[in-house]
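Visitor: Quick note, the sequences are listed as chains Y and B, same order. The opening residue of the first sequence carries number 22 in this note's numbering; numbering runs sequentially from there. The opening residue of the second sequence carries number 51 in this note's numbering; numbering runs sequentially from there.
Simulated from the structure, these hints should not be mistaken for laboratory data. Virtual Cβ for every residue (Gly too), placed ideally from N, Cα, C. Don't take each hint at face value.
Covered stretches of chain Y (in silico footprint by chain B; criterion: 3 or more residues with CB under 8 angstroms from a CB of chain B, positions within the stretch not fixed) [unchecked claim]:
hint, region
1, 29-43
2, 46-59
3, 69-79
4, 85-94
5, 97-106
A few chain Y residues that don't get close to chain B, going by computed Cβ distances all over 10 angstroms [claimed, not checked]:
hint, residue
6, I65
7, D116
8, I118
9, M121
Each pair of labels, with its calculated beta carbon distance range [as the list claims (entries may be wrong)]:
hint, chain 1, residue 1, chain 2, residue 2, range
10, Y, R108, B, L151, 14 to 22 angstroms
11, Y, S105, B, F157, 37 to 45 angstroms
12, B, D178, Y, P24, 46 to 54 angstroms
13, Y, L120, B, F158, 37 to 45 angstroms
One letter stands for each residue in the lines below.
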Amino acid sequence: MVPLSWYLILAAALFSIGLFGVLSRRNAVAILLGIELMLNAVNINLAAFWRYGNVLHMAGQVFAIIVFAVAAAEVAVGLALVISVYRKRNTVIADDIDLMKW
Amino acid sequence: MTAEQIIFLLVALFTLGSGFMVVTTGNLVHAALWLVATLFGVAVVFALLNAGFLAVVQVVVYIGAIAILFIFAVMLTRKDMRDQGPQMNRGWWVGALIAVLVFAGLFFLLQGWNGLSRTAAAIPAGFDAVAELGNALVSPDAFVLPFEVASVLLVAALVGAVYVAFNRK
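If we strip away everything but chain Y, and leave its shape as in the complex, we get (with noise of 0.2 angstroms):
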């Protein structure tokens, strides 16, 4: 049987992929990548919970469902943000897009 801690730690290492895809990435379409990096290791974490918990207490699998929905909203927002950008100012690089207003 695979310890728990096998899995919190896979998660913890996703996760900082994902952080590192965050914060170095120049392109906001990969910006979203590495936070549904983030969004997956949160997931493992509360599948793993509800697996090594009370099975019988669906609360780690409904979470973990409502993560999704978040995930589906959060990505359909995002992208219709950067393609509105990218049609106003041509660009999806994040550091060229520094104004509130154009």
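Based on the hints, put chain B in the right spot on chain Y.
Guide: Same frame as chain Y, but now just chain B:
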């Protein structure tokens, strides 16, 4: 080392390797495809955790919808498919340092927690996780309110995304 541990290690290695490719590869379409590989690895992790419904939803929603949305966005935000210039910003090593520090901090916190080496109890006989999950989602005693709030959030995000990306001409 049992077979389950070997499978877990292989899946974890695959997931982390493709996750690393997502954040480092220069070509954004390739990054989106590596994201599909990572999400698939996470789906296998869900299956290893006996969370079958989450594994299926991961494949359908994440790989089927979100990853494809990413590929669409990559293709809509460029004039030609090649990526020009560096893909990392100048302070990328600061980001790497922060990421390593966060991992080290989480690892240190986990080391000090006594529930870490816990093993999972066997699933009770006759326990149907999907039915229990469905009951929990619509039961007034459990999570019907967050479930409805999530549906409102999805509608709001849908309307907002259409409004933001709408081309007024």
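Visitor: Next step is simple, just say for each hint if it's right about the structure.
Guide: Verification of the supplied hints:
{"no.": "1", "hint": "29-43", "verdict": "holds (count 14)"}
{"no.": "2", "hint": "46-59", "verdict": "holds (count 10)"}
{"no.": "3", "hint": "69-79", "verdict": "holds (count 7)"}
{"no.": "4", "hint": "85-94", "verdict": "holds (count 9)"}
{"no.": "5", "hint": "97-106", "verdict": "holds (count 8)"}
{"no.": "6", "hint": "I65", "verdict": "violated, 6 angstroms"}
{"no.": "7", "hint": "D116", "verdict": "violated, 6 angstroms"}
{"no.": "8", "hint": "I118", "verdict": "holds, 12 angstroms"}
{"no.": "9", "hint": "M121", "verdict": "holds, 16 angstroms"}
{"no.": "10", "hint": "R108/Y - L151/B: 14 to 22 angstroms", "verdict": "violated, 38 angstroms"}
{"no.": "11", "hint": "S105/Y - F157/B: 37 to 45 angstroms", "verdict": "holds, 40 angstroms"}
{"no.": "12", "hint": "D178/B - P24/Y: 46 to 54 angstroms", "verdict": "violated, 26 angstroms"}
{"no.": "13", "hint": "L120/Y - F158/B: 37 to 45 angstroms", "verdict": "holds, 41 angstroms"}
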